[in-house]
Amino acid sequence: MTASERNPAAILAAEAEAKDAASGGPAGPAGPRGRGPRARDTTAYLQYVAGKLGGALVSMFAVLVTSFFLFRLIPGDPVKQMTGGRRVSSEQLDAMRTEFGLDQPVWKQFTDYCGNVLTGDFGTSYQFHTPVMDKITAALGPTLWLTGTAYVLYTVIGIWLGTRTAWRNGRFGDRFHTGLALTLYSVPSFWLGLLLIITFSVGVGPLPGMFPTGGMESGDESGFGYVVDVAHHMVLPVVTLVAVGYAQTLLVMRSSLLDEMGSDYLTTARAKGLRDDLVRRRHAVPNALLPTVTLMFVNLGTVVAGAILVETVFSWPGLGGLFYQALSVPDLPLVQGLFFVFATAVILMNTVADVIYPLLDPRVGR
Amino acid sequence: MTTETASSVPAPQEPEKTGAPREAKSPRALAWTRRRHSAARFWREYRTHRAGVFGLVALVLIALAAVCAPLLVGADAQSVTAAPGEAMESPSGEFPLGTDQFGRDLLALLVWGARISLTVGLLAAFLSVAIGTVVGITAGHFRGWYATVIMRVTDWFLVMPTLVLAIALASVLDRSVWTVILAIGVTTWPTTARLVRAQTLAVESRPYIERAQALGGGHGHIMARHVLPNVMPLVLAQTTLVISSAILTEATLAFLGLGDPTVVSWGGLLQDAREAGAVSAGDWWYLAPPGIAIAAVALAFTLCGRAVESVLNPRLGVSR
Numbered sequence: 001m002t003a004s005e006r007n008p009a010a011i012l013a014a015e016a017e018a019k020d021a022a023s024g025g026p027a028g029p030a031g032p033r034g035r036g037p038r039a040r041d042t043t044a045y046l047q048y049v050a051g052k053l054g055g056a057l058v059s060m061f062a063v064l065v066t067s068f069f070l071f072r073l074i075p076g077d078p079v080k081q082m083t084g085g086r087r088v089s090s091e092q093l094d095a096m097r098t099e100f101g102l103d104q105p106v107w108k109q110f111t112d113y114c115g116n117v118l119t120g121d122f123g124t125s126y127q128f129h130t131p132v133m134d135k136i137t138a139a140l141g142p143t144l145w146l147t148g149t150a151y152v153l154y155t156v157i158g159i160w161l162g163t164r165t166a167w168r169n170g171r172f173g174d175r176f177h178t179g180l181a182l183t184l185y186s187v188p189s190f191w192l193g194l195l196l197i198i199t200f201s202v203g204v205g206p207l208p209g210m211f212p213t214g215g216m217e218s219g220d221e222s223g224f225g226y227v228v229d230v231a232h233h234m235v236l237p238v239v240t241l242v243a244v245g246y247a248q249t250l251l252v253m254r255s256s257l258l259d260e261m262g263s264d265y266l267t268t269a270r271a272k273g274l275r276d277d278l279v280r281r282r283h284a285v286p287n288a289l290l291p292t293v294t295l296m297f298v299n300l301g302t303v304v305a306g307a308i309l310v311e312t313v314f315s316w317p318g319l320g321g322l323f324y325q326a327l328s329v330p331d332l333p334l335v336q337g338l339f340f341v342f343a344t345a346v347i348l349m350n351t352v353a354d355v356i357y358p359l360l361d362p363r364v365g366r
Numbered sequence: 001m002t003t004e005t006a007s008s009v010p011a012p013q014e015p016e017k018t019g020a021p022r023e024a025k026s027p028r029a030l031a032w033t034r035r036r037h038s039a040a041r042f043w044r045e046y047r048t049h050r051a052g053v054f055g056l057v058a059l060v061l062i063a064l065a066a067v068c069a070p071l072l073v074g075a076d077a078q079s080v081t082a083a084p085g086e087a088m089e090s091p092s093g094e095f096p097l098g099t100d101q102f103g104r105d106l107l108a109l110l111v112w113g114a115r116i117s118l119t120v121g122l123l124a125a126f127l128s129v130a131i132g133t134v135v136g137i138t139a140g141h142f143r144g145w146y147a148t149v150i151m152r153v154t155d156w157f158l159v160m161p162t163l164v165l166a167i168a169l170a171s172v173l174d175r176s177v178w179t180v181i182l183a184i185g186v187t188t189w190p191t192t193a194r195l196v197r198a199q200t201l202a203v204e205s206r207p208y209i210e211r212a213q214a215l216g217g218g219h220g221h222i223m224a225r226h227v228l229p230n231v232m233p234l235v236l237a238q239t240t241l242v243i244s245s246a247i248l249t250e251a252t253l254a255f256l257g258l259g260d261p262t263v264v265s266w267g268g269l270l271q272d273a274r275e276a277g278a279v280s281a282g283d284w285w286y287l288a289p290p291g292i293a294i295a296a297v298a299l300a301f302t303l304c305g306r307a308v309e310s311v312l313n314p315r316l317g318v319s320r
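Residue numbers (our numbering), protein chains in the order written: chain A, 1 to 366; chain B, 1 to 320.
A few of these clues could be false.
[Claimed, not checked] The calculated lysine to any residue pairs, modelled on SDA-like cross-linking and capped at a C-alpha distance of 25 Å, are:
#1 52/A with 138/B
#2 52/A with 151/B
#3 52/A with 155/B
#4 52/A with 149/B
#5 52/A with 143/B
#6 52/A with 144/B
#7 108/A with 91/A
#8 52/A with 147/B
#9 52/A with 108/A
#10 52/A with 152/B
#11 52/A with 46/B
#12 52/A with 145/B
#13 108/A with 145/B
#14 52/A with 172/B
[What the hints assert, rightly or not] Some chain B residues near chain A, calculated using beta-carbon distances under 8 Å:
#15 56
#16 59
#17 156
#18 172
#19 182
#20 252
#21 255
#22 270
[As the list claims (entries may be wrong)] Simulated coverage check for chain A against chain B, where a stretch passes if three residues somewhere in it have a Cβ under 8 Å from a Cβ of chain B:
#23 63-72
#24 237-244
#25 341-352
What the hints contain is simulated information worked out from the structure, not anything from laboratory work.
All of these numbers come straight from a predicted model, not from anything done at the bench.
Quick reminder that beta carbons are idealized off the backbone N, C-alpha and C, glycines included.
Next up, chain A with everything else stripped away, as it sits in the complex (with noise of 0.2 Å):
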């Protein structure tokens, strides 16, 4: 995952306290914020829910158009790229262009792609010959192993030290972990796995090379072997997705647990006799969550697509190192199917953020 795909959620975060901020109330988290219908309300709710689906149709639709028009423009002939520079005669060329659907014009084209992606149709790759469709749902599986323990990890991580580092905020260990994540998520995680590569794989100095370079299995394995294989090609990506992605999780949670720990509510918690530790995780914590739980869903949609960079530099079979190899050529078929499988994982998980949120924190309805 880059800098570019981290920012939209801590930018949403921001833009929420900005908007309490120049409403000009010191109203914090508790204040009285009730605007428009009330979330419990059935039907509110449900015509809030019937709202945002119809957003996300019209987003979809949006996405199918850009997926098509914007990849016509790449330049050079589709046709003659697929023949890589062999002789082949222009009757071979009108025969591939009639194959691929090349030959018609561009609105038919247009409607003869949405009509075949409704029904779960992409198109042939131009590279591979096989349907993008089947190329896909291949390469699915790797990604979501990757890029899912990655998310885990770096959700768990952050939202744990968040908690740490804000409770003991000024501390040593705070300022510590604060210049660590705002380091590392400073560093490009291309660099990041490179480096590890060198270091880890291929040896630097007496260090021997422990683990493989790339790839998700060296082929010879089976049973449960295979699975200690799979693992072991997967820890050097894992913690590069992981270093460079645990540091937004845990500058929110940190935030926003900052706000809350000047509340009333905690003061008359511990007045109560609370250990210290309980008024964290009873008090502070589910209420400091809220914030982090939408990066949570935001992040998700980016699972699917957050890894063409760290896939690539270490030959992972998955989603974002085909897309990579799909852009090279250029085969169009397969470049519009990724593109359009990652902004549906988008704005789906969007979609579902902003469905159960008002189920999590009644305050927002809008």
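Using the hints, position chain B against chain A.
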């Protein structure tokens, strides 16, 4: 709010020292005095953020090196034919960072690369923030269906996977520095637009906007003279943060081979290193410096951005 930073920030409402020669000043001069004082106040508070000052110093040093690159390392450092050393030399006294596959001095290339990385990062961020500010103010100022349409478009851009879209744009257009700037600027503005719109709505609910309208101020006047100055602080903080992510995206695009092949940039250096087989040969000295440079600049901008943010909005800034 952290106790540490809270205590080190001086109370924002210090008495203004505008009193003395006030009599015969034009409104314009008064406005300038006010601006000078608020800039001084801003600097006084910024200085108390140690990390922010550290980031600023680092930025000034790197920018100086980039501007003086022709003087420091000579203009022919990028030339493949006039390369001073052997191919892929390890770091030595003559070449502190070693040489690349053409025998060029890597330290010199690193200094030259700063120019492109900084230029692209800055221009892309300005483009992105400019689009975001215009869209945000427009969407916040006007009511009715066109505001809805603008926000829908913004939301749609917001959900697009930014990097995927930037890669797609950069691969569709010609390879040049301007393509990279355009690809980053066009894909990253929506977050700024959302922030600016929220701020615009808050500003427009204040009574003096109503006063300006009653006095006959048009849309353009209100947006440019009343709303814009009030969203500028937010825009400033946002710019610093966007620059850092723009520099990272530039490096990413260059690494994928989507940058301008005729100029040296940090991401391009990493791509060169990978193509020269530095990874499998274990030549860490080739790979490490450009990445460290990218991270250092991105970190410096982030530190500045956070400091600016917390000076402008203490409640928001200190905690983040």
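Structure-based check of each hint:
1. Between the alpha carbons of residue 52/A and residue 138/B the distance comes to roughly 23 Å, so the proposed pair stays at or under 25 Å and holds.
2. For the hint pairing residue 52/A with residue 151/B, the CA-to-CA distance comes to about 14 Å; that is within 25 Å, so the pair holds.
3. This hinted pair checks out: residue 52/A and residue 155/B have alpha carbons roughly 12 Å apart, not beyond 25 Å.
4. Restraint check for residue 52/A and residue 149/B: the C-alpha separation of about 15 Å stays at or below 25 Å, so the hint holds.
5. A hinted pair counts as satisfied when its Cα atoms are at most 25 Å apart, and residue 52/A with residue 143/B qualifies at roughly 21 Å.
6. The straight-line distance between the Cα atoms of residue 52/A and residue 144/B is roughly 19 Å, inside the 25 Å bound, and the hint therefore holds.
7. The suggested pairing of residue 108/A with residue 91/A holds, with an alpha-carbon distance near 23 Å, which does not exceed 25 Å.
8. Restraint check for residue 52/A and residue 147/B: satisfied, since their Cα atoms lie roughly 18 Å apart, inside the 25 Å limit.
9. Restraint check for residue 52/A and residue 108/A: the C-alpha separation of about 31 Å exceeds 25 Å, so the hint is violated.
10. Under the criterion of a C-alpha separation no larger than 25 Å, the hint pairing residue 52/A with residue 152/B is consistent with the structure, at around 12 Å.
11. The straight-line distance between the Cα atoms of residue 52/A and residue 46/B is roughly 42 Å, outside the 25 Å bound, and the hint therefore fails.
12. Under the criterion of a C-alpha separation no larger than 25 Å, the hint pairing residue 52/A with residue 145/B is consistent with the structure, at around 18 Å.
13. With a C-alpha separation of about 32 Å, the suggested pair residue 108/A and residue 145/B falls outside the 25 Å cut-off, and the hint is violated.
14. Under the criterion of a C-alpha separation no larger than 25 Å, the hint pairing residue 52/A with residue 172/B is inconsistent with the structure, at around 32 Å.
15. Of the supplied interface hints, the one on residue 56/B is violated, with its beta-carbon coming no nearer than about 15 Å to a beta-carbon of chain A, more than 8 Å.
16. With a least beta-carbon distance of about 13 Å to chain A, the hint placing residue 59/B at the interface is violated under the 8 Å criterion.
17. For residue 156/B, the interface hint holds, since its Cβ comes within 8 Å of a Cβ in chain A; the closest pair sits about 5 Å apart.
18. Interface hint status for residue 172/B: upheld, as the beta-carbon distance to the closest one in chain A is roughly 4 Å, under 8 Å.
19. With a cut of 8 Å, the hint placing residue 182/B at the interface with chain A is violated, because the nearest CB-to-CB distance is about 13 Å.
20. With a cut of 8 Å, the hint placing residue 252/B at the interface with chain A holds, because the nearest CB-to-CB distance is about 5 Å.
21. With a cut of 8 Å, the hint placing residue 255/B at the interface with chain A holds, because the nearest CB-to-CB distance is about 6 Å.
22. For the restraint placing residue 270/B at the interface with chain A, the shortest Cβ-Cβ distance is roughly 6 Å, inside the 8 Å limit, so the hint holds.
23. Coverage of a stretch by a chain is defined here by at least three residues with a beta carbon nearer than 8 Å to that chain's beta carbons; for the stretch 63-72 of chain A and chain B the count is 4, and the condition holds.
24. Interface restraint, the stretch 237-244 of chain A with chain B: violated (0 residues with C-beta to C-beta distance below 8 Å; minimum three).
25. Judged by the Cβ-Cβ criterion of 8 Å, the stretch 341-352 of chain A is covered by chain B as claimed, because 5 of its residues qualify and three suffice.
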